[in-house]
Structures are given as C-alpha cells and as structure tokens.
Amino acid sequence: MTPLLEVEELTVTLPTNSGPTTIVDSVDYAVDEGEVFGVAGESGSGKTISVLALMQLLPAGAKTTGRARYDGNDILTLSPRALRRVRGTQLAMVFQDPMTSLHPMLSIGKQLTEHVRLHERLRRRGAEKRALELLDEVRIPDPARALQAFPHQFSGGMRQRIAIAIALACRPRLLIADEPTTALDVTVQAGILRLLDRLRRESGLSVVLISHDLGVLSSIADHVAVFYAGRIVESGTTRDLLRSPRHPYTRALLDALPHPEAVEGTALVAIPGSPPTPRARPAGCAFHPRCPYATERSTIEVPELRRLADGRLLACHVDPFAAE
Amino acid sequence: MRALEIRDLEVVYRDRGRGPVRAVAGASLSVERGQIVGLVGESGCGKSSLAKAAVGLVPREAGDVLLDGRPLAPLRRKARSRDDARVQMVFQNPFASLNPRRTVGAQIADGLTLAGTQRRRHAAEAAALLAEVGIAASAVERYPHQFSGGQRQRIAIARALAADPSVVVLDEPLSSLDASAQAQAANVLVRLARERGLALLLISHDLGIVNHVADVVSVMYLGVVVETAPTRQLWQAPQHPYTEALVAAIPRPDGSGTLPDALSGEVPDPAQPPSGCRFHPRCPYVFDRCPAEVPPLYDLGGGRTSACFLRDTGAIADVEARLTKESA
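So the protein lines, in turn, are chains A and B.
At the far end of the first sequence sits residue 720, using our numbering, and the numbering has no gaps.
At the far end of the second sequence sits residue 1475, using our numbering, and the numbering has no gaps.
Hints listed in this document are in silico derivations from the structure and should not be mistaken for laboratory results.
Any given hint could turn out to be false.
[Said to hold, decoys possible] One side only, chain A facing chain B, incomplete, derived with CB under 10 Å: (1) Leu410; (2) Pro411; (3) Gly415; (4) Gly552; (5) Gly553; (6) Ser640; (7) Ile667.
Where is the CB? At the ideal position from N, CA and C, for every residue including glycine.
For reference, chain B alone in the conformation it holds in the complex (with noise of 0.2 Å):
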C-alpha cells in the first residue's frame, strides 16, 4: 500500500525583488510500505522544497500530497490532528534540530504524546525507541550537546518515530556525519524500514549511500524528476543523461587514481529554467527535439521511467525506418 503519494507537485516561492520562482515544477513519487525511496539530485535541484512540502511545511501551489490515501492537511499553527502526524520529518543538522536545553526524554516525549502514549508508559517507549536506534537508555536524562553528531541524528531519528509515523521524510539525514556514524546510521534506517514497516523518504545528494540503502531512487534536475528506477539497475544502467552524469562523477575508493567525469555547466537560474528538457544545454546528447519540447515521463516497464526524448521508442523507430528508407 502507498503510505506516500505525491502527485504532479508544485512549490513557487514569491518574492517582491524576482519573478516567482517555481522550485518544485509538476514531481511525482511515491513511497511504499516498508520501502526506502531515495530522491537525489544536485543543490537547488528543489528536492528539500519536494520534502518540505510532502510534511506540509512549505505550501504547495498545486498538486496533491496523499498519506495513508487521505490529503495531508497544510500545517498551521493549531497543532496536526493524530492522522495528519502520522508523517515526520528528520532534518539534516541534529545540531540544530534537537533543542539544546531540553532533555533527551522530554523531546521524546512530545512525540509519544501526539501519539497519544500513556504518560505512565513514556519512560518505557522512550527507552524502547533509543534501543532501536543503538543509544543507550540511559540518554534520557541526558541533553544533546552530550552526544556526538551521529548519535544526536539517531536521537531525532527516535523522536520523529515517537509519533508513531507511518512515513519519515529525511532531509540530508546523513551528510554531516562521518562514514562508520554514517553507516550506523543508514543501518539504522534500513532496519526501521523493514522491521516497522515504515515508508521513508531519503533526500540526499550522496548518490552511494542512497545507492546502498533504497529500494527505489528518484532523480531531480531543477525541480522535476527525470528518473526514476529501482536503485540497482538506476546505478547500473542510467536511462537519463542526468543520471548517467551523476553517477560518473561520484569519486571510487578503489586506489585506482581514477578522477571523476565533470558535469559541464551549472545548475541554471530555477527562475528562467531552459526551454524544453530542462537539462539540455548541459546534455552530451542534446539534439534539436530537446530546447523545443518538453519531453514526457516515458514509462520504461519494470518501474523505471525516464523523461529523455532518447528513450522515445517511437522517435526512434521513426528515425530507424527513415534510415533504412534512405538506404534502401
């Protein structure tokens, strides 16, 4: 069952100084039950707006954001009713996110209440829920500057699933860490998502630690998603050039001496996106189809799908059969 659906998606920031700047520009996904769906992507690529606007922290111009199959609720400032926090967030900086002057338990606690957990049970779920995600039981009495960063992000971890959630969205969760708390901390995840049943939402620019923990990933280019694959055969065998740039750029620890591909070009102003394919002055491929059309999300089978005019398989028979016609 989906637990998270967000369909044809979009967030326009306005601003008095510039024309309105359409961040999330018509993204689709969806995340199921117990699956690990990573969305990737270079910064400004709109994929923390995506996030912010799957919670309801940011409004959203049009599309819909679906959980469990209900609307979610815009937040405002009455507290979320029970269902509508059945959706949490974990942000990227547990050196922020965690309140510096409460302790460990009572931000736990705030969770467990929306919940609606007994107060008699609290001590017992909180010292459940930090044995879950590897921190000592003892941490409730504790305040965060006492742990190190990769504890603290497992803390917020335990926090958002206090709530009892039936879909975390992380933002980044990962990426001011260190490579083992990194890996505890991805362990962690894959475990909550198997064992709990949770639909997560990883949102990362590090495609190998989302290559190494998600079911299924979805790429963004400025602020729509060109692919979307199931995480082995995206890694593999790249059906859209952004993708297929992505992955070479990412640097091998194998002692080869190897240097990464570059990405010729920038991120273009989200305000004045390029014409057609948004991503076709830095394509290799680009050809006269691409500036004039906005390519489709082609349905590739088997899950994937891929907005890229070189996977048209009409196109290309037309052009097949005009070649042969020519040579004929």
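The shape of chain A in the complex, shown without the other chains (with noise of 0.2 Å):
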C-alpha cells in the first residue's frame, strides 16, 4: 500500500534577524491511510513548524525544498489556486488553542457552513444541515442551539470539538492537530483522542498528531517520530518507541516523565542543559552536549536516519541500548 503522505527530505529555512536560520531538516515520513501518526520533541525542536509547511502557511520569506507527496502529488509545489482546493477538502488542521482558532465574532453556525458552501458547492440549507451533521458528530449537544451560539459560550473542550468539526466540514482525509489537547483538562483531553480514535475508525480519517506529551502518543498513535533540533532522531511503532527506545534522547524524554507507579522518593531524571536554539544547533548529532553516551564521533558526523532490523528509524552513531 502506497502511503498517503510521504514527506522526504523536507527542510524549512526561515528568515531572522541574524539571517536564515533552518528549523527543519531533512525530515522524513509517511502517514498511511486511517493512521495516527505522532510526532514528539520539545518546544522549538521543529514539529509545528515541518506541519506549517505542509500547508503552505508559514511566513513571508520562509524557504522550503523537499517533497510531501500527498496521494501521489507534491503539495509543496502546488500553485496558490489548486492548492486551496486541496487545503480543506483533502488536508485540514486543527491548532491548540482552540480560544485563538475560533473568529470570536462570528456564530459557530457562520464558521461551520462557509467554506462548505464554497468548496461543495452547497446552498445555504445544505450547509446547515451538514454543520448539525458534523456537530453531533463531534457530540456537542443541542447541535441546533450550537449553530446560533458563539464560541466564547462553550468550554474549552467543547471549543476544540468545534475547531475539529470545522476541520472535518469538507471531509479530508487528512487531518493535522497541533497539541489538540495541550490546552485542555485531563479529562476532557480524553474525550477528545477518543473523538480523534472513532473517526479514524470509522471514516478511515489519518491524522499527524503532534504532543509533546508521550502519555497522549501512546494512547493513540500507531507510529511515532522524535524530534530533535529540527530532525527525527528517530521513529518507529509507539509500542517499540515507548517500551524500548534506542535513542538516548528517546530514553531521556521518557525518564522525565512523572511515572505513576514510580517508587516514593525518587527524583525525576532531568535532561543536563537545555535544547538548543535554531541558530545555535551543535554540529554533529544535535544531542551530543547533553548525551551521556556521545563519543568524538557524535560531535563531528551527523548521524543518519538508518533502518534497524525491527523496522523502526534510528540517527545515532553509538546505538547504546542496541543488546537490550
């Protein structure tokens, strides 16, 4: 099966102050159909920016090369006409906060039915009805009540179900969620990667979920690539990822993490030092400073992207828990 989207070699340079800066870097994927896709890393590690790009919505000045064939197309070549058609109908994006996303002025009745009528042709009471459709789709209820209300009269919950059901209006088949649930509750969080689980179930929708909260990636994602300092360090099955990571930057992240059933009294393990910045990525692997097992290779070679014979996608020269 050929994937939906196969990003290769994807790279983003943008322009700042002290000239252009790369922020992605060679980035490879695939997103297979009715797949979750999850991409981890640190804020600043390049994650939202490699999604931007694929939307052509990044600013002003902003380089891109590389290829994002999406059914067989590059979309990052497509011409500004065909790619609003593509933009909405086929891929769709729904950002974090859901406070910002949504026109504060506009009824969720207006936000919902406008670019249905402009991409399906649709007249104002097909429109409406596809809008109640997509609302109790979502589960908002009194879907009829909802067209007439604003967003700032629905929780932050019910906001990004709002967000998501007018990402869905033109049934993409391609969903992209930038920290959906960053800015939500526990429990309300759950609901939504439940909304996010049956839909991918049962219109076969793909989703590239981007968190940086692992716990998220596990429950729902069937592959996950890490992200750090613009590039994949590596990616693989969430199950191989999460329960045996290879990366050490892999293994870090996930020794930082609170552990519910971690022994009383022990510390969380930080990561030395912090994340570089963009402009001052160190050469080598990225992550050498602040690796424990970086060797003089690691600060001169950058490492490449191999395939392991589990399958999984690994950038490091020393391979420390490759006997595990």
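Each chain sits in its own coordinate frame; assemble them with the hints.
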C-alpha cells in the first residue's frame, strides 16, 4: 500500500534577524490511510514548523525544500489555486488553542458553513444540514442551538470539538492536529482523544498528531517520530518506541516523565542542559552535548537516520541500547 | 508545625451582569513545614482562587488563613509586614511574572530587602539562591529574556525564596514547561521542601507531576475539596468518584495503546452549582441521596478524607442491616 502522505527531505529555512535559519532539517516520514502518526519533541524542535510547511502556512520569506507527496502529488509545489482546493477538502488542520483559532465574533453556524458552501457548492439549507451532522458527530449537545451560539459560550473542550468539526466539514482525508489537547484538562483531553480515535476507525481519517505528551501519543498513535533540533532522531511503532527506546534522547524524554507507579522518593531524571536554539545547533549529532553516550564521532558527523532490523529508524552513531 | 492553614475558605466574585460566583465554597487544607501539598482539579474548580486567597491577593468572603499560626492580613496598597511576607507566590507563566526590563539580580534583591538582608550581602545571597535552583551565579547581571522558560521559572522560584518565606504557594508552576525542564524544576521543589523545611502548596491540573512531588494531595471540584489523602494512597485507591475519574483520564506513556477514560459532561457553572453533592450530575455512582444532601467530609483515618456518601460507613451499615433483614 502506498502511504497517503510521504514526506521526503523536508527542510524549512526561516528568515531571522541574524540571517536565514534552518528550523526543520531533512525530515522524512510517511502516513498511511487511517493511521494516527505521532510527532513528539520539546518546544522549538521544529514539530509545528514542519507541518505548517505542508499546509504552506509559513510566514513570508520562508524557504521550503524537499517533497511532500499527498496521494501521489507533491503538495509543496502546488499553485495557489490548486492549493486552495487541497486545503480543507484533502488536508485540514486543528490548532492548540481553540480560543484563538475560532473567530470570536462569528457564530458557530457561520464558521461551520462558510467553507462548506464554497468547497462543496452547497446552498444554505444544505450547508446547515451538514453543519448539524458535524456537530452531532463531534458530540456537541443540542447542535441546533449551538449553530446560533458564539465561541465564548462554550468551554475549552467544546470549542476544540467545534474546531475539529470545522476541520472535518469538507471531509478531508488527512487531519493535522497541533497539540490539540494541550490546553485542556485531562478529563476533557480523554474525550478528544476518543473522538479522534473514533473518526479514524469509522471514516478512515489519517491524523498527524503533534504532542509533547508521550502519554497522549501512547494512547492513540500507531507510529511516533521523535524530533530533536529540527531532525527526526528516532521513529517507529509507538509500542517499540515507548517500550524499548533506542535513541538516548527518546530514553531521556521518557525518564523525565513522572511515572504513575514510580517508587516513592525517586527524583525525576532531568536531561542536563537545555535544547539548542535553531541558530546555535551543535555540529554532529545535535544531542551530543547533553548525551552521556556521545563519542568523538557524535561531535563531528551528523548521524544518518537508518533502518534497524525491527523496522524502526534511528539516527545515532553509538546505539547504546542495541543489546537490550 | 502547620505553616499554612486554610479553614472554611470562601472566595466570592461579584459582577454587575450576573449573580455572585462562589469560586471557593468552603475549602480547608493545611501544609506543614517541609511538606509539599498538591492541589489538583479541572480548570474552573477554584484552585487558583484558593491560591490567591491563601497569599491575600484576592479578598476572602469567609474563613481563615493562618500563617505560622497567625492570621494573614489581606494585601493592601502599603507594603506587607515582614511577617506577612513569609508567604510567597510563584505564578504559572515566568514570561509574565518576571520584569523584562530589570536584571535577575535586581529582582532577587527586592526579596532580600524585604527579608531585611544587608545590602552588602545581596550579591552573595543572590548567587547562593540561584545556585540552589541550579542557575549559574552570572545570571544576576542578565535579563529574563536571556533564559529559557524552565530557567526563568527557576529564577522566579529563587526570587520567591529571597524573601525568606516559610510558605510558598505555586500556581501551575510547571505546566508551561517541557518534560525535561519540568523534571528539573520539580526536583528543585522537592529539595527545597526537604532541605529548607519550606511548606509548599503546589497547584496543578497535572496529576502526574503532583503525584511525583507531593506528600499529600487535595482534590478540588467546583469550589470544594472533595478528597485529601497521602499521595500514593490517593493514586492507588481513590476514595471519591471524581478522583477516580481524574486518575483514569491520565494517558500513560507505556506504549500499550489504551485510550484514557473520559469523564462525561462538563464542569458546571460555579454561579449555579448543582444541588447536594456538586459532582452528582457527572458521577457514575450517583444515588438518591446525592442530589438531596450535601455530603460532609468523612474522616477515613490515616489523614484521608472524602466527601462522598459512599464513604458513609454508618449509612452503609444501615443498608446492609436492612438487606440482611429482608433476606432473612
């Protein structure tokens, strides 16, 4: 089966005060139909920029190279007109903060029907009917009343459900969700994760889910890619990656998490130092200054992302956990 | 000794447009020296209001806040007395809580002045405080923007320590940080409590991190504390249905692919709380008594309390007795 989305050597350079800076550096991944693909990493690791590049939502002056084949076509080179047709109907996006991604002054009905009328050429009646179906699908109680209401009248969780409904309105096949539950309480987060899981199972929706929370990715993602300083350092099935991480960074991230069944009195294991800024990324493996396993080679040569016997991809010269 | 004691605290917000909102509706908790007490709950449950009332940032409608056994005076325009300054606060967003235009050293010096530290000792004291939170002493000359979020939060903690507090109230201090920075800051908090004998009240919606650092956890729902227990016990055997739902909603990073359990419904409007037990409309175990009566805090022994009728041993004994009689 060919993947729905295939990203190859995606590199994004943004203009900054101190000249062009590479934020995303030669990233490869593939997302299958009906799959939830998780993207993990600390803030500043390039997770968000890499998906904004797919949607061509980067600020002016940004330079994107590489390929992103969606359904066989490279979406990085689409004309503005073709791009408008793809965005919304094929690829859609949900952002972290539903407070800012919804328009505060427009009713939910207006925000849900606008693009349906444009893309699907439905008349008002038809668009409203579709909007009701959508609100029902994301489990908003009393959809008819919700259509007349405004964003501020809903709780954070409800707003995120509405943002998802808007994204799904033109039946996209791929949903890009950037930290969709980070601003929400765990109880509400669980509901959103269950919603995404149902959509994927019932309508074969593919999801690229960005989250810094490995617990979130563990519960719903099929595959996970771990970003560090603009590169993927390890990717593979969620099970492999979280149960037997091979990259020292993946392992360190997991060790830093509070573990529910931890022995009383154990301190959390913090990674020494802080992640590098894009302008000051270290030579060689960008993680080497913080890595207890780094060798001289790690400081000089950038490790290739290579495929291991169990199918995962790893970018590490040392591979200290190979024997486990 | 109890460094901070909050008794039957009520915080009410009044707004012309709508009726009064009881954000905190009679909550009690206490923090001992050297102890970390976690306060968890969903957004809108009143935990931040409780935190602000605990340091005097919002006026309290009723109840008492005792600092080292003495009532805390509300914050006024005038500078606080040195005794009242022994409660300090650390806020969620270190980008907003540190002054961007003053050096880190100057901001720490404010606290030192408050604590009556001599001026000539400021530099040495500031360096020592920064070392305690794992920041290089050279930071005193620098500005907040030169640090990462995690470092800034640790600087904010150092600044709070400068005033030589006995109690520090931390409102979501770790939630804007990445996992590793969060771990660093959390470890700093634990060390401070143990080594300085500080009493810490840690407010967070993240049960995972609270579970790791707190000795005791109180769970708040819609303005009231519904359960308090030693951390490990709260996690392993929650005695209130709401706590149970919170624990079940946490996604575990174990690669198992199990979806967390969602809690049905939404947090109700605190201006119109449900009758009886405030959790009853969302509770899977609800029965006839719940909407009718307000459950008291049942003392379960061993420092555990729960405000749920299911913990009413007297009532359960009654039901059991009735059942035995019926079956006989």
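Hint check results:
1. Below 10 Å, beta-carbon pairs count as interface contacts, and leucine 410 of chain A has none with chain B, the closest being about 19 Å; its hint is therefore violated.
2. Evaluation of the proline 411 of chain A hint against chain B yields a violated restraint, the C-beta minimum of about 20 Å exceeding 10 Å.
3. Hint on glycine 415 of chain A is violated. Least Cβ distance to chain B is approximately 20 Å, over the 10 Å limit.
4. A hinted interface residue such as glycine 552 of chain A counts as satisfied when its beta carbon comes closer than 10 Å to some beta carbon of chain B; here the least separation is about 7 Å, so the hint holds.
5. Residue-level restraint check for glycine 553 of chain A holds (minimum Cβ-Cβ distance to chain B is 7 Å; threshold 10 Å).
6. Evaluation of the serine 640 of chain A hint against chain B yields a held restraint, the C-beta minimum of about 9 Å falling below 10 Å.
7. With 10 Å as the threshold, the beta carbon of isoleucine 667 of chain A comes within range of chain B, its nearest partner Cβ sitting at about 4 Å, so the hint holds.
When held up to the earlier numbered hints, the structure conflicts with 1, 2 and 3 and fits the remainder.
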